[in-house]
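Trainee: Sequence:
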Amino acid sequence: MSVNESMLNNKEFTDALNLFGFISGEQREPRLLTILSVILKLQTNPPMPLTFSQIYEEIEREDSSARLTKAWIHKVLKALIEVQLIRVDSQTAHRKRYIADVNTVMAGLEQIKSQRVKQLEAQIQESKDVLKEVSALDCGKLAQEFVKDITGQQQEISSRVVRGVDALHRVLRYNMLDLAKKGDIIRATLLWAGPWIDSTAGERILRFFEAAERGVDIRYLISTDIFKLENEQEKRTNLQAMVGLFQKLIEMRARGKKFDARFYLGPKTYNQISLNRDNMALIITENPVTATWITRRFNPDLIDNAVRSFDRDWKRSKSIFDLTPQEMAAMGGVPGGVMSQLVNSKRKEEIIHE
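Numbering (the working numbering) for the sequence shown: 1358 to 1711.
Hints are not guaranteed to be accurate.
[To be verified] What follows is a list of derived Cβ distance ranges for each label pair:
id, residue 1, residue 2, range
1, Tyr-1531, Gln-1510, 17 to 25 Å
2, Lys-1368, Asp-1420, 20 to 28 Å
3, Arg-1571, Gln-1510, 22 to 30 Å
4, Lys-1539, Asp-1486, 33 to 41 Å
5, Thr-1426, Glu-1490, 19 to 27 Å
6, Thr-1426, Leu-1499, 22 to 30 Å
[As the list claims (entries may be wrong)] Simulated pairs of lysine-lysine, BS3-like, Cα-Cα distance not exceeding 27 Å:
id, residue 1, residue 2
7, Lys-1498, Lys-1605
8, Lys-1615, Lys-1625
9, Lys-1489, Lys-1475
10, Lys-1489, Lys-1432
11, Lys-1435, Lys-1453
12, Lys-1475, Lys-1432
13, Lys-1538, Lys-1453
14, Lys-1538, Lys-1435
15, Lys-1539, Lys-1489
16, Lys-1672, Lys-1625
17, Lys-1485, Lys-1475
18, Lys-1470, Lys-1498
19, Lys-1675, Lys-1539
20, Lys-1498, Lys-1475
21, Lys-1675, Lys-1585
Since the hints were made in silico from the structure, they are not lab data. Note that CB positions come from ideal geometry on N, CA and C, so glycine has one too.
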(Lines of atoms letter the chains of each structure in order from A and count residues from 1; the text may use other names and numbers.)
(Lines give C-alpha, C1' and ligand atoms only; values in the text may rest on other atoms or scores of the structure.)
Protein backbone atom coordinates (compact mmCIF):
# COMPACT_ATOMS: atom_id res chain seq x y z
CA MET A 1 0.00 0.00 0.00
CA SER A 2 1.41 3.42 -0.99
CA VAL A 3 1.72 6.33 1.42
CA ASN A 4 -1.09 8.13 -0.38
CA GLU A 5 -3.40 5.11 -0.18
CA SER A 6 -2.64 4.71 3.52
CA MET A 7 -3.49 8.34 4.23
CA LEU A 8 -6.60 8.35 2.10
CA ASN A 9 -7.93 5.23 3.81
CA ASN A 10 -8.00 7.17 7.10
CA LYS A 11 -11.54 8.59 6.95
CA GLU A 12 -11.10 11.19 9.69
CA PHE A 13 -7.94 12.46 8.02
CA THR A 14 -9.42 12.59 4.53
CA ASP A 15 -12.59 14.28 5.83
CA ALA A 16 -10.42 17.02 7.32
CA LEU A 17 -8.50 17.47 4.05
CA ASN A 18 -11.79 17.54 2.18
CA LEU A 19 -12.98 20.38 4.43
CA PHE A 20 -9.82 22.28 3.56
CA GLY A 21 -10.46 21.67 -0.12
CA PHE A 22 -7.06 19.94 -0.24
CA ILE A 23 -8.42 16.79 -1.81
CA SER A 24 -11.77 16.02 -3.41
CA GLY A 25 -13.93 12.93 -3.26
CA GLU A 26 -13.12 11.53 -6.70
CA GLN A 27 -9.56 12.87 -7.05
CA ARG A 28 -7.83 10.13 -5.10
CA GLU A 29 -4.24 11.06 -6.12
CA PRO A 30 -4.08 14.88 -6.28
CA ARG A 31 -0.82 16.17 -7.68
CA LEU A 32 0.22 18.16 -4.61
CA LEU A 33 -0.31 15.19 -2.32
CA THR A 34 1.54 12.84 -4.69
CA ILE A 35 4.73 14.91 -4.87
CA LEU A 36 4.57 15.89 -1.19
CA SER A 37 4.36 12.21 -0.22
CA VAL A 38 7.49 11.41 -2.23
CA ILE A 39 9.48 14.23 -0.58
CA LEU A 40 8.36 13.24 2.91
CA LYS A 41 9.39 9.61 2.30
CA LEU A 42 12.83 10.65 1.16
CA GLN A 43 13.48 12.93 4.12
CA THR A 44 15.63 11.86 7.02
CA ASN A 45 15.14 12.95 10.61
CA PRO A 46 16.30 15.64 11.04
CA PRO A 47 15.39 16.53 7.43
CA MET A 48 18.09 17.05 4.85
CA PRO A 49 17.50 19.23 1.75
CA LEU A 50 16.65 17.21 -1.37
CA THR A 51 17.69 17.99 -4.93
CA PHE A 52 15.26 17.97 -7.81
CA SER A 53 17.07 14.92 -9.23
CA GLN A 54 16.48 12.93 -6.04
CA ILE A 55 12.78 13.78 -6.09
CA TYR A 56 12.41 13.02 -9.80
CA GLU A 57 14.22 9.67 -9.53
CA GLU A 58 12.04 8.61 -6.61
CA ILE A 59 8.87 9.47 -8.56
CA GLU A 60 10.17 7.42 -11.50
CA ARG A 61 10.99 4.52 -9.21
CA GLU A 62 7.56 4.53 -7.56
CA ASP A 63 5.62 4.67 -10.82
CA SER A 64 7.62 4.39 -14.00
CA SER A 65 4.44 4.17 -16.08
CA ALA A 66 3.27 7.67 -15.04
CA ARG A 67 5.71 9.35 -17.46
CA LEU A 68 5.66 12.65 -15.58
CA THR A 69 7.68 15.39 -17.24
CA LYS A 70 10.31 17.38 -15.36
CA ALA A 71 8.48 20.59 -16.32
CA TRP A 72 5.29 19.25 -14.71
CA ILE A 73 7.12 18.30 -11.51
CA HIS A 74 8.80 21.73 -11.35
CA LYS A 75 5.34 23.31 -11.64
CA VAL A 76 4.00 21.18 -8.78
CA LEU A 77 7.01 21.94 -6.59
CA LYS A 78 6.44 25.65 -7.18
CA ALA A 79 2.79 25.23 -6.09
CA LEU A 80 3.88 23.35 -2.95
CA ILE A 81 6.27 26.19 -2.08
CA GLU A 82 3.55 28.81 -2.61
CA VAL A 83 1.24 27.10 -0.12
CA GLN A 84 4.22 26.51 2.24
CA LEU A 85 3.85 22.72 2.36
CA ILE A 86 7.54 22.53 1.44
CA ARG A 87 10.30 25.11 1.61
CA VAL A 88 13.48 25.85 -0.29
CA ASP A 89 16.68 25.42 1.72
CA SER A 90 18.39 28.45 0.15
CA GLN A 91 16.72 30.95 -2.14
CA THR A 92 20.09 32.20 -3.41
CA ALA A 93 21.50 28.79 -4.37
CA HIS A 94 21.86 28.03 -8.09
CA ARG A 95 20.20 24.65 -7.67
CA LYS A 96 17.24 24.54 -5.33
CA ARG A 97 17.02 22.00 -2.54
CA TYR A 98 13.70 21.14 -1.00
CA ILE A 99 12.68 20.32 2.55
CA ALA A 100 9.38 18.91 3.82
CA ASP A 101 8.61 17.78 7.35
CA VAL A 102 5.89 18.11 9.94
CA ASN A 103 6.68 21.81 10.37
CA THR A 104 6.29 22.68 6.68
CA VAL A 105 3.17 20.55 6.44
CA MET A 106 1.68 22.36 9.42
CA ALA A 107 2.53 25.75 7.92
CA GLY A 108 1.04 24.73 4.62
CA LEU A 109 -2.14 23.39 6.15
CA GLU A 110 -2.49 26.59 8.19
CA GLN A 111 -2.30 28.63 4.99
CA ILE A 112 -4.71 26.36 3.14
CA LYS A 113 -7.08 26.50 6.11
CA SER A 114 -6.88 30.31 6.20
CA GLN A 115 -7.65 30.54 2.49
CA ARG A 116 -10.53 28.10 2.88
CA VAL A 117 -11.99 30.08 5.81
CA LYS A 118 -11.84 33.29 3.77
CA GLN A 119 -13.51 31.53 0.85
CA LEU A 120 -16.30 30.17 3.04
CA GLU A 121 -16.80 33.53 4.77
CA ALA A 122 -17.12 35.19 1.37
CA GLN A 123 -19.69 32.57 0.35
CA ILE A 124 -21.62 33.11 3.59
CA GLN A 125 -21.62 36.88 3.07
CA GLU A 126 -22.77 36.42 -0.52
CA SER A 127 -25.58 34.15 0.67
CA LYS A 128 -26.56 36.71 3.32
CA ASP A 129 -26.65 39.45 0.69
CA VAL A 130 -28.81 37.33 -1.59
CA LEU A 131 -31.07 36.36 1.33
CA LYS A 132 -31.50 40.04 2.22
CA GLU A 133 -32.41 40.90 -1.37
CA VAL A 134 -34.86 38.01 -1.67
CA SER A 135 -36.46 38.79 1.69
CA ALA A 136 -36.94 42.42 0.67
CA LEU A 137 -38.97 41.48 -2.41
CA ASP A 138 -42.72 42.08 -2.29
CA CYS A 139 -44.63 39.40 -4.18
CA GLY A 140 -47.64 41.67 -4.65
CA LYS A 141 -45.61 44.31 -6.44
CA LEU A 142 -43.79 41.67 -8.47
CA ALA A 143 -47.11 40.08 -9.47
CA GLN A 144 -48.41 43.44 -10.72
CA GLU A 145 -45.25 44.08 -12.72
CA PHE A 146 -45.33 40.53 -14.10
CA VAL A 147 -48.91 40.84 -15.35
CA LYS A 148 -48.30 44.33 -16.74
CA ASP A 149 -45.20 43.17 -18.62
CA ILE A 150 -47.16 40.36 -20.27
CA THR A 151 -50.55 41.99 -20.84
CA GLY A 152 -49.68 45.68 -20.86
CA GLN A 153 -52.41 46.26 -18.30
CA GLN A 154 -52.01 47.48 -14.73
CA GLN A 155 -54.09 45.27 -12.46
CA GLU A 156 -54.79 46.08 -8.83
CA ILE A 157 -54.45 43.57 -6.01
CA SER A 158 -57.57 43.94 -3.92
CA SER A 159 -56.61 41.83 -0.90
CA ARG A 160 -53.90 39.59 0.47
CA VAL A 161 -52.88 37.87 3.71
CA VAL A 162 -49.54 38.97 5.18
CA ARG A 163 -47.58 37.03 7.79
CA GLY A 164 -44.75 38.44 9.87
CA VAL A 165 -43.72 41.94 10.90
CA ASP A 166 -41.16 42.37 8.12
CA ALA A 167 -43.54 41.13 5.42
CA LEU A 168 -46.22 43.52 6.67
CA HIS A 169 -43.87 46.49 6.54
CA ARG A 170 -42.88 45.61 2.98
CA VAL A 171 -46.54 45.75 2.04
CA LEU A 172 -46.91 49.08 3.86
CA ARG A 173 -43.86 50.45 2.11
CA TYR A 174 -44.91 49.60 -1.43
CA ASN A 175 -48.61 50.37 -1.01
CA MET A 176 -48.60 53.29 1.43
CA LEU A 177 -45.36 54.79 2.69
CA ASP A 178 -43.61 55.16 -0.68
CA LEU A 179 -46.80 56.30 -2.45
CA ALA A 180 -48.21 58.77 0.08
CA LYS A 181 -47.86 62.43 -0.88
CA LYS A 182 -48.36 65.81 0.73
CA GLY A 183 -51.82 66.12 2.28
CA ASP A 184 -52.37 62.36 2.64
CA ILE A 185 -53.07 60.85 6.05
CA ILE A 186 -51.53 57.64 7.33
CA ARG A 187 -53.25 56.30 10.43
CA ALA A 188 -51.47 53.62 12.44
CA THR A 189 -52.48 51.90 15.65
CA LEU A 190 -50.09 50.13 17.98
CA LEU A 191 -52.51 48.25 20.20
CA TRP A 192 -50.30 45.16 20.55
CA ALA A 193 -46.90 46.70 21.10
CA GLY A 194 -44.90 43.53 21.78
CA PRO A 195 -44.21 42.23 18.23
CA TRP A 196 -43.26 45.67 16.89
CA ILE A 197 -40.68 46.69 19.47
CA ASP A 198 -37.69 44.67 18.33
CA SER A 199 -34.12 45.45 17.31
CA THR A 200 -35.19 46.61 13.83
CA ALA A 201 -38.16 48.73 14.92
CA GLY A 202 -36.21 51.95 14.41
CA GLU A 203 -35.46 51.09 10.78
CA ARG A 204 -39.15 50.49 10.06
CA ILE A 205 -40.26 53.70 11.78
CA LEU A 206 -37.84 55.67 9.60
CA ARG A 207 -40.14 54.94 6.64
CA PHE A 208 -42.86 56.89 8.41
CA PHE A 209 -40.39 59.73 9.04
CA GLU A 210 -39.56 59.84 5.33
CA ALA A 211 -43.25 60.08 4.46
CA ALA A 212 -43.72 62.89 7.00
CA GLU A 213 -40.83 64.79 5.41
CA ARG A 214 -42.81 64.73 2.13
CA GLY A 215 -45.78 66.36 3.85
CA VAL A 216 -47.76 63.26 4.80
CA ASP A 217 -49.78 63.56 8.02
CA ILE A 218 -48.66 60.65 10.23
CA ARG A 219 -50.91 59.76 13.14
CA TYR A 220 -49.71 57.03 15.50
CA LEU A 221 -52.18 55.75 18.11
CA ILE A 222 -50.36 53.77 20.82
CA SER A 223 -51.87 51.54 23.48
CA THR A 224 -50.76 52.23 27.05
CA ASP A 225 -49.78 48.54 27.10
CA ILE A 226 -46.44 49.77 25.81
CA PHE A 227 -45.60 50.77 29.39
CA LYS A 228 -45.73 47.10 30.40
CA LEU A 229 -42.85 46.37 28.03
CA GLU A 230 -40.51 48.27 30.31
CA ASN A 231 -40.68 45.27 32.65
CA GLU A 232 -38.99 43.11 29.97
CA GLN A 233 -35.25 43.64 29.64
CA GLU A 234 -35.05 42.96 25.89
CA LYS A 235 -38.03 45.19 25.07
CA ARG A 236 -36.73 47.92 27.38
CA THR A 237 -33.41 47.85 25.53
CA ASN A 238 -35.18 48.15 22.17
CA LEU A 239 -37.27 51.04 23.47
CA GLN A 240 -34.13 52.76 24.71
CA ALA A 241 -32.66 52.57 21.20
CA MET A 242 -35.64 54.56 19.93
CA VAL A 243 -35.08 57.58 22.19
CA GLY A 244 -32.94 59.13 19.47
CA LEU A 245 -35.84 58.85 17.02
CA PHE A 246 -38.00 60.83 19.41
CA GLN A 247 -35.44 63.63 19.34
CA LYS A 248 -35.66 63.55 15.54
CA LEU A 249 -39.44 63.72 15.82
CA ILE A 250 -39.22 66.84 18.02
CA GLU A 251 -36.97 68.46 15.44
CA MET A 252 -39.34 67.57 12.59
CA ARG A 253 -42.33 69.03 14.36
CA ALA A 254 -40.38 72.22 15.00
CA ARG A 255 -40.11 72.49 11.21
CA GLY A 256 -43.86 72.10 10.82
CA LYS A 257 -43.96 68.42 9.80
CA LYS A 258 -47.09 66.53 10.78
CA PHE A 259 -46.17 63.52 12.87
CA ASP A 260 -47.96 62.91 16.14
CA ALA A 261 -48.07 59.98 18.55
CA ARG A 262 -50.88 59.69 21.05
CA PHE A 263 -51.61 57.29 23.88
CA TYR A 264 -54.88 55.41 23.71
CA LEU A 265 -56.67 54.51 26.95
CA GLY A 266 -59.83 52.87 25.65
CA PRO A 267 -60.70 49.29 24.66
CA LYS A 268 -58.89 47.69 21.71
CA THR A 269 -60.79 47.97 18.43
CA TYR A 270 -59.27 47.95 14.95
CA ASN A 271 -55.53 47.37 14.96
CA GLN A 272 -54.75 48.86 11.57
CA ILE A 273 -52.60 51.01 9.33
CA SER A 274 -54.39 52.90 6.57
CA LEU A 275 -53.65 55.39 3.80
CA ASN A 276 -56.53 57.87 3.68
CA ARG A 277 -59.53 55.67 2.92
CA ASP A 278 -57.81 54.00 -0.02
CA ASN A 279 -56.28 50.87 1.49
CA MET A 280 -55.67 49.34 4.88
CA ALA A 281 -53.71 46.64 6.65
CA LEU A 282 -55.80 45.08 9.41
CA ILE A 283 -53.82 43.19 12.06
CA ILE A 284 -55.62 39.93 12.86
CA THR A 285 -53.29 38.17 15.31
CA GLU A 286 -50.35 39.31 17.40
CA ASN A 287 -48.28 36.14 17.72
CA PRO A 288 -47.48 35.28 15.06
CA VAL A 289 -48.27 38.61 13.43
CA THR A 290 -50.86 38.06 10.72
CA ALA A 291 -52.62 40.80 8.81
CA THR A 292 -54.94 41.21 5.87
CA TRP A 293 -54.32 44.03 3.43
CA ILE A 294 -57.31 45.30 1.48
CA THR A 295 -58.16 48.08 -0.94
CA ARG A 296 -61.28 50.20 -0.96
CA ARG A 297 -62.58 48.26 -3.95
CA PHE A 298 -62.46 45.06 -1.91
CA ASN A 299 -64.34 46.29 1.19
CA PRO A 300 -65.08 50.04 1.47
CA ASP A 301 -67.30 49.59 4.55
CA LEU A 302 -64.57 47.93 6.58
CA ILE A 303 -62.09 50.68 5.74
CA ASP A 304 -64.60 53.44 6.52
CA ASN A 305 -65.52 51.85 9.87
CA ALA A 306 -61.85 51.44 10.83
CA VAL A 307 -61.03 55.04 9.93
CA ARG A 308 -64.05 56.39 11.83
CA SER A 309 -63.09 54.32 14.86
CA PHE A 310 -59.52 55.58 14.67
CA ASP A 311 -60.57 59.24 14.37
CA ARG A 312 -62.90 58.89 17.33
CA ASP A 313 -60.16 57.38 19.50
CA TRP A 314 -57.64 59.90 18.21
CA LYS A 315 -59.70 62.81 19.51
CA ARG A 316 -59.96 61.21 22.95
CA SER A 317 -56.26 60.38 23.19
CA LYS A 318 -53.38 62.37 24.62
CA SER A 319 -50.38 63.40 22.53
CA ILE A 320 -46.99 62.45 23.92
CA PHE A 321 -46.02 66.06 23.27
CA ASP A 322 -48.71 67.27 25.68
CA LEU A 323 -48.16 64.70 28.43
CA THR A 324 -46.80 65.70 31.80
CA PRO A 325 -44.70 63.25 33.85
CA GLN A 326 -47.65 62.97 36.27
CA GLU A 327 -50.08 62.03 33.47
CA MET A 328 -47.65 59.43 32.14
CA ALA A 329 -47.31 57.90 35.61
CA ALA A 330 -51.13 57.74 35.84
CA MET A 331 -51.17 55.80 32.56
CA GLY A 332 -48.72 53.25 33.94
CA GLY A 333 -45.45 54.84 32.95
CA VAL A 334 -42.52 53.75 35.10
CA PRO A 335 -40.78 56.67 36.86
CA GLY A 336 -37.32 56.94 35.33
CA GLY A 337 -38.36 54.50 32.58
CA VAL A 338 -37.75 54.92 28.86
CA MET A 339 -41.14 56.49 28.15
CA SER A 340 -40.64 58.90 31.02
CA GLN A 341 -37.31 59.83 29.48
CA LEU A 342 -39.13 60.74 26.29
CA VAL A 343 -41.49 63.08 28.11
CA ASN A 344 -38.60 64.63 30.02
CA SER A 345 -36.56 65.09 26.83
CA LYS A 346 -39.58 66.78 25.25
CA ARG A 347 -39.86 69.07 28.26
CA LYS A 348 -36.14 69.93 28.10
CA GLU A 349 -36.55 70.83 24.46
CA GLU A 350 -39.42 73.14 25.32
CA ILE A 351 -37.35 74.87 28.03
CA ILE A 352 -34.49 75.42 25.57
CA HIS A 353 -36.84 77.16 23.14
CA GLU A 354 -38.66 79.24 25.76
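Trainee: Hint by hint, say whether it matches the structure.
Mentor: Verification of the hints:
1. Tyr-1531 / Gln-1510: 17 to 25 Å: 19 Å, holds
2. Lys-1368 / Asp-1420: 20 to 28 Å: Once the Cβ atoms are compared, 25 Å apart, the range 20 to 28 Å for Asp-1420 and Lys-1368 holds.
3. Arg-1571 / Gln-1510: 22 to 30 Å: 29 Å, holds
4. Lys-1539 / Asp-1486: 33 to 41 Å: 35 Å, holds
5. Thr-1426 / Glu-1490: 19 to 27 Å: 48 Å, violated
6. Thr-1426 / Leu-1499: 22 to 30 Å: 57 Å, violated
7. Lys-1498 / Lys-1605: With Cα atoms ~31 Å apart, Lys-1498 and Lys-1605 exceed 27 Å; violated.
8. Lys-1615 / Lys-1625: Holds: Lys-1615 and Lys-1625 sit about 25 Å apart, inside 27 Å.
9. Lys-1489 / Lys-1475: 21 Å, holds
10. Lys-1489 / Lys-1432: 43 Å, violated
11. Lys-1435 / Lys-1453: 11 Å, holds
12. Lys-1475 / Lys-1432: 25 Å, holds
13. Lys-1538 / Lys-1453: 75 Å, violated
14. Lys-1538 / Lys-1435: Answer violated: Lys-1538 to Lys-1435 is near 66 Å, above 27 Å.
15. Lys-1539 / Lys-1489: 31 Å, violated
16. Lys-1672 / Lys-1625: 15 Å, holds
17. Lys-1485 / Lys-1475: The hint holds at about 15 Å.
18. Lys-1470 / Lys-1498: Status violated; Cα separation ~44 Å.
19. Lys-1675 / Lys-1539: OK: Lys-1675 and Lys-1539 at ~25 Å, within 27 Å.
20. Lys-1498 / Lys-1475: 37 Å, violated
21. Lys-1675 / Lys-1585: The given pair, whose Cα atoms are some 18 Å apart, holds under the 27 Å limit.
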